[in-house]
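Peer 1: All chains, full assembly: derive it from the sequences and hints.
Counting in the numbering used here, the sequence shown runs from 891 upward without gaps.
It is worth saying that the hints were derived from the structure and are not from the lab. Hints should not be assumed to be uniformly reliable.
Stated by the list, open to error - Across the chosen pairs, the derived CB separations fall in these ranges:
| no. | residue 1 | residue 2 | range |
| --- | --- | --- | --- |
| 1 | Gly1315 | Asp1005 | 31 to 41 angstroms |
| 2 | Ile1158 | Lys1386 | 50 to 60 angstroms |
| 3 | Glu1319 | Asp1005 | 50 to 60 angstroms |
| 4 | Gly1381 | Asn1220 | 53 to 63 angstroms |
| 5 | His1295 | Gln1035 | 21 to 31 angstroms |
| 6 | Thr1140 | Asn1172 | 13 to 23 angstroms |
| 7 | Glu915 | Asp1005 | 38 to 48 angstroms |
| 8 | Asp1005 | Gln928 | 24 to 34 angstroms |
| 9 | Leu982 | Asp1383 | 41 to 51 angstroms |
| 10 | Leu1318 | Asp1392 | 27 to 37 angstroms |
| 11 | Gln1238 | Asn1206 | 10 to 20 angstroms |
| 12 | Ile1158 | Gly921 | 42 to 52 angstroms |
| 13 | Gly921 | His1295 | 44 to 54 angstroms |
From a predicted model like this one, the values you see are computed outputs, not experimental measurements. Ideal Cβ positions, reconstructed from N, Cα and C, are used throughout, including at glycine.
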Amino acid sequence: MVIAIDFGTSNTVVSRWNPATQQPETLKLPGLSWISTQNPPLIPSLVYVTDATTNQVVLGQQVRDQGYDISSDQRFFRNFKRGIGSDIQGFLPQLDGQVVTFERVGEWFLTQVLDAVREIPLPVDSLVFTVPVDSFEAYRHWLGQVCQSLDVEQVRMLDEPTAAALGYGLAEKDLLLVIDFGGGTLDLSLVRLNKTVQKQPLGFILKWGQKSFAESSGQKTKTARVLAKAGQNLGGSDIDNWLMDYFSQTQELVKTPLTARLVERLKIQLSLQTQASEVYFNDETLESYELEMTRDQFENILTQHQFFENLDRSLNQVLQQARRQGVEKNNISGVLLVGGTTKIPAVQHWAKQYFEPEKILCERPFEAISHGALQLSLGTKIEDFLYHSYGIRYWNRRDNCHNWHPIIKSGQPYPMSEAVELVLGASLENQPSIELVIGELGAETGGTEVFFDGDRLVTRTLAPDKTAVQPLNDTEEGRSIARLNPPGYPGSDRIKVLFQVDDKRFLRLTIEDLLTSEILVNNQAVVQLS
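Peer 2: Here you go:
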């Protein structure tokens, strides 16, 4: 049984490929899923830790049903996906004598979601996880580590908007722009769909299992070729924070999980009507709140926070990449709006300023990603490129600080046909080893950092000239890439390093000692996901 998990900042969707109907099916997990008449079964990405020492947690809709989401308790976690793999600025809670990281909370969440699938009962032979476009290697590395404990034969990863392009099932449209706007990220991808004869391994596979029928038979299946993409940490949770700040300034609203829930509900109402209100009264504590807002006021808040400018920037980045390949805006045959934030009327109006209304589809905002990810089980081939650059750290003497020099630039298709070569020498007498810090460099258009404002996990946009960097090997053991025997001396080249990205998007190193002609490292992954 193939299971796809779209792990979202606000909501998570789990689906399976139904062998009887030969169609994707969204799963309702008892106790975890939120059921409504307007939306498919969604699992709120919420966790409440009852006992950290024994890994006892409550998650999903159970958190809301038991009222944990409106209590000011450090045991309650929301938006925790944003903190996974990030260099968090601020505190981490200590529960039951243990520091609880966001990575640990995320592992609890995904493990119990999969346990709930098995309790339906459904067998889980193969998993597909979707990931944001702008996710760094650290997030994918964490997800790969979690997969090791899930007892699943085969696991794959796929960019969320690419999955959405497959999930809409539009046979008549071949060039799709996906605008995936959820609770934590804004991702855009331009994807060309066509058919080809598939006779090679598929996608980004972490664990190898049996080949699919399509792969072994060589039948005609889809190819999804990613032509352009852009991503940033901007989503519905940011809008919630802006609304919280607005009411804090105008009504002295106290920022708590309860008021966060109220402003989120107010935002959802404003997608359905032009004026909304939320009233709350606790007859035990006599605590009361009354929040009111018009859609015009809401859109003014979005404008003040440069919301539409950020959308313009990402779209222009994608269109610019497309033009380099001879693709113009009018060549796009369909625009798919995916994610809960695309239900905001102002976002739909923004899209219509760029594209004809008949090209814009927004009927499947929550299920398209998870359903599309299941296409990998049918033999769909993904052709993609690197969104981030890889670089090496050096000392900038002019600015008296470390800086980063790109060695493999974003936009590079993978697997790479040719390696990038770097020659290094010793800098000290009798040097026993050569160290090199390798990093994954964020988009050159700027980035975001994650930090705490009180107990709220929020993001801040970096200046366009400031690049976010995730070091991949910056540990005492990891940064030493080559032991020298005999020791090195300044004045001559000593090692040759070859950098290459394989078909699973791993950065790999091969290192040769030029003095001894010995291969010190042979095709080793800098970050091993499996």
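Peer 1: If a hint holds in the structure, say so; if it does not, say that too.
Peer 2: For each hint, the structure was consulted:
| no. | hint | verdict |
| --- | --- | --- |
| 1 | Gly1315 to Asp1005: 31 to 41 angstroms | 53 angstroms, violated |
| 2 | Ile1158 to Lys1386: 50 to 60 angstroms | 57 angstroms, holds |
| 3 | Glu1319 to Asp1005: 50 to 60 angstroms | 58 angstroms, holds |
| 4 | Gly1381 to Asn1220: 53 to 63 angstroms | 59 angstroms, holds |
| 5 | His1295 to Gln1035: 21 to 31 angstroms | 29 angstroms, holds |
| 6 | Thr1140 to Asn1172: 13 to 23 angstroms | 22 angstroms, holds |
| 7 | Glu915 to Asp1005: 38 to 48 angstroms | 19 angstroms, violated |
| 8 | Asp1005 to Gln928: 24 to 34 angstroms | 28 angstroms, holds |
| 9 | Leu982 to Asp1383: 41 to 51 angstroms | 44 angstroms, holds |
| 10 | Leu1318 to Asp1392: 27 to 37 angstroms | 33 angstroms, holds |
| 11 | Gln1238 to Asn1206: 10 to 20 angstroms | 19 angstroms, holds |
| 12 | Ile1158 to Gly921: 42 to 52 angstroms | 23 angstroms, violated |
| 13 | Gly921 to His1295: 44 to 54 angstroms | 51 angstroms, holds |
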